[in-house]
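Numbering (the numbering used here), first residue to last: 1 to 213.
The set of hints was computed from the structure by calculation and includes no laboratory data. Take the hints with a grain of salt, since some may be wrong.
Restraint-style ranges between C-beta atoms, simulated for each label pair [said to hold, decoys possible]:
(1) Ala153 - Pro72: 16 to 22 Å
(2) Glu165 - Trp119: 37 to 43 Å
(3) Trp69 - Arg147: 32 to 38 Å
(4) Gly68 - Gly160: 32 to 38 Å
(5) Gly160 - Gly54: 22 to 28 Å
(6) Glu126 - Ala73: 24 to 30 Å
(7) Ala179 - Arg98: 26 to 32 Å
(8) Gly54 - Gly146: 37 to 43 Å
(9) Gly146 - Arg98: 20 to 26 Å
(10) Arg202 - Gly160: 30 to 36 Å
Note that CB positions come from ideal geometry on N, CA and C, so glycine has one too.
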Amino acid sequence: MALVVAVAQRKGGAGKSTVAATLATALAAAGHRVALLDSDPQQTLARWHQARHGQAQAAPLRFEAVAGWRMPAALDRLRREHDFLIIDTPPHADTDSRIAIRAADLVLVPLQPSPADLWAMDATLELAAAERRPVRLLMNRVPASGRLRGEIAAELAERGLPVLEPALGNRTAFASAFAQGLGVAEAAPRGTAATEARALARAIEDHGKGRPA
1 MALVVAVAQR
11 KGGAGKSTVA
21 ATLATALAAA
31 GHRVALLDSD
41 PQQTLARWHQ
51 ARHGQAQAAP
61 LRFEAVAGWR
71 MPAALDRLRR
81 EHDFLIIDTP
91 PHADTDSRIA
101 IRAADLVLVP
111 LQPSPADLWA
121 MDATLELAAA
131 ERRPVRLLMN
141 RVPASGRLRG
151 EIAAELAERG
161 LPVLEPALGN
171 RTAFASAFAQ
181 GLGVAEAAPR
191 GTAATEARAL
201 ARAIEDHGKG
211 RPA
């Protein structure tokens, strides 16, 4: 049975779509059966998937644009045929986000090391808590240096929030791969960004292994 991961963050511009594509393609490149679902009305991943056609490096990956009341039925159908279902959610705590989070086995919250992302995150955490869904925070677009990352990490630790050990750096390779309809594990598999993407995929794999059968 597939592990369903909802990538959610109330704040727009937090990198949700890129994170969802990065995770899905890294899992697919590792040999897993993966479906990527776009429930965001902006349809960013739908355009990404169009660019993916014909790319020799692209690992097999199922894609569907599904939102609203159609989401639960789509997940029920896809669960039986896949190992992982990754959902990109809208950037606001609206009905579509709630439906996706309610159906998820894990809510993955991308968090840039900035006060704005930190403040906006609370609405997503509250929504996940209301639906009794487990949450993991993912530090995203992390600069190589600077005090802000440490300050944000310290505040998360003080609040006892669950942060994944892997983080994604502020690297152009992620955006470059996304523009080609690929993930970094496909576009530049030997690069540092790809190493980070594979570490994220392994962390999600480990979460799937640890859940009850």
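Would you list, in rising numerical order, the hints stated earlier that this structure does not obey?
-> Hints 1, 2, 3, 5, 9, 10 contradicted; others consistent.
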